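S.K.: Listed here are the chains, written in short residue letters.
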Amino acid sequence: MAESEFEPLIVAFCCNWCAYAGADLAGTSRFEYPTNVRIIRVMCTGRIDPPFVLSALRWGADGVLIAGCHPGDCHYVKGNYMMERRFNFLKEVINHLGIEPARLRLEWVSAGEGGKFAALIRDMTKEIKDLGPSPFRRLKSGEPV
Amino acid sequence: MSEPRKLIKKTDATIEALKTQRLRWVMGISQVGVKIDEKRYHEAVDNIMKDEIERQMIIGAVKERGPLTIKELSEATDIPSNRVLRHIIALRKAGTVSEVGEKEHGYLYAVS
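The listed protein sequences correspond, in order, to chains A and B. The first sequence runs contiguously to residue 1394 in our numbering. The second sequence runs contiguously to residue 409 in our numbering.
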């Protein structure tokens, strides 16, 4: 796959109360952001089980974004703190597997930050483009998984 | 096996490992709807604690007395030599200890 043709696929897990509403606001405010992102709504980032993230990478995502409420703003009080703890663990895990830790991002986006969400997707898409396809995608283009 | 295939195998194993109770406790996840077996919980925590404590004991002994063999470490720490060997393998892999020489048909280990 030529570098210029490469369009990354980003899976974004967004919390229902903040980041998903932020993404919604980005849409209604007509902020432009790349179409490389596939948003999955979860009720809270605390619902995201580490195998979800790893499976997303395993089945072809080039990057995974986890977006939740700002610390202290969690609708369920401490879900985002739980995710932060797991996220640090997950970074170690994917580093151990030999996948660039930059493919994984945890960001706090509130319901009012539509602009921030759009900027975040633009930034992440650019970063993943620079990194190139994920090791799993490289295999997919050549031989069956 | 090609490198990407190995990666896929390892990733699949990791996904399974992340579902195991031992790792989930380390990550602070308790499974909703699944009753945590108290006996197994204590066993897992005990094992993790025991491993960590024994490893620190080995490191302490080496720091205190200089390079030691598995046999000497076992005597110094009162940990059976087969367990010492297991810990040394793990510590060597993590780069905490390394071989620095030989003594009486055994390797000497020191903190790297």
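Hints listed in this document are in silico derivations from the structure and should not be mistaken for laboratory results. It is possible that some hints are incorrect.
In silico DSSO-like pairs for lysine-lysine, Cα to Cα no more than 30 Å straight-line [unchecked claim]:
| hint | chain 1 | residue 1 | chain 2 | residue 2 |
| --- | --- | --- | --- | --- |
| 1 | A | K1378 | A | K1365 |
| 2 | B | K336 | B | K368 |
| 3 | B | K303 | A | K1375 |
| 4 | A | K1378 | B | K303 |
| 5 | B | K368 | A | K1327 |
| 6 | B | K316 | B | K347 |
Fair warning: this is a prediction, and the values are worked out from it, not measured in the lab.
S.K.: Take the hints in turn and mark each one as holding or not.
M.R.: Okay, the hints, checked on the actual structure:
For a cut-off of 30 Å, the pair hint linking A/K1378 to A/K1365 stands: about 20 Å separates their Cα positions. Annotation: proposed proximity of B/K336 to B/K368 is violated, straight-line Cα distance about 33 Å (limit 30 Å). In summary, the hint linking B/K303 to A/K1375 is supported, as the alpha carbons are separated by about 28 Å, within the 30 Å threshold. Of the supplied pair hints, the one linking A/K1378 and B/K303 holds, its CA atoms being roughly 24 Å apart against a limit of 30 Å.
Between B/K368 and A/K1327 the alpha-carbon distance is near 48 Å, which puts this suggested pair outside the 30 Å criterion. Annotation: proposed proximity of B/K316 to B/K347 holds, straight-line Cα distance about 22 Å (limit 30 Å).
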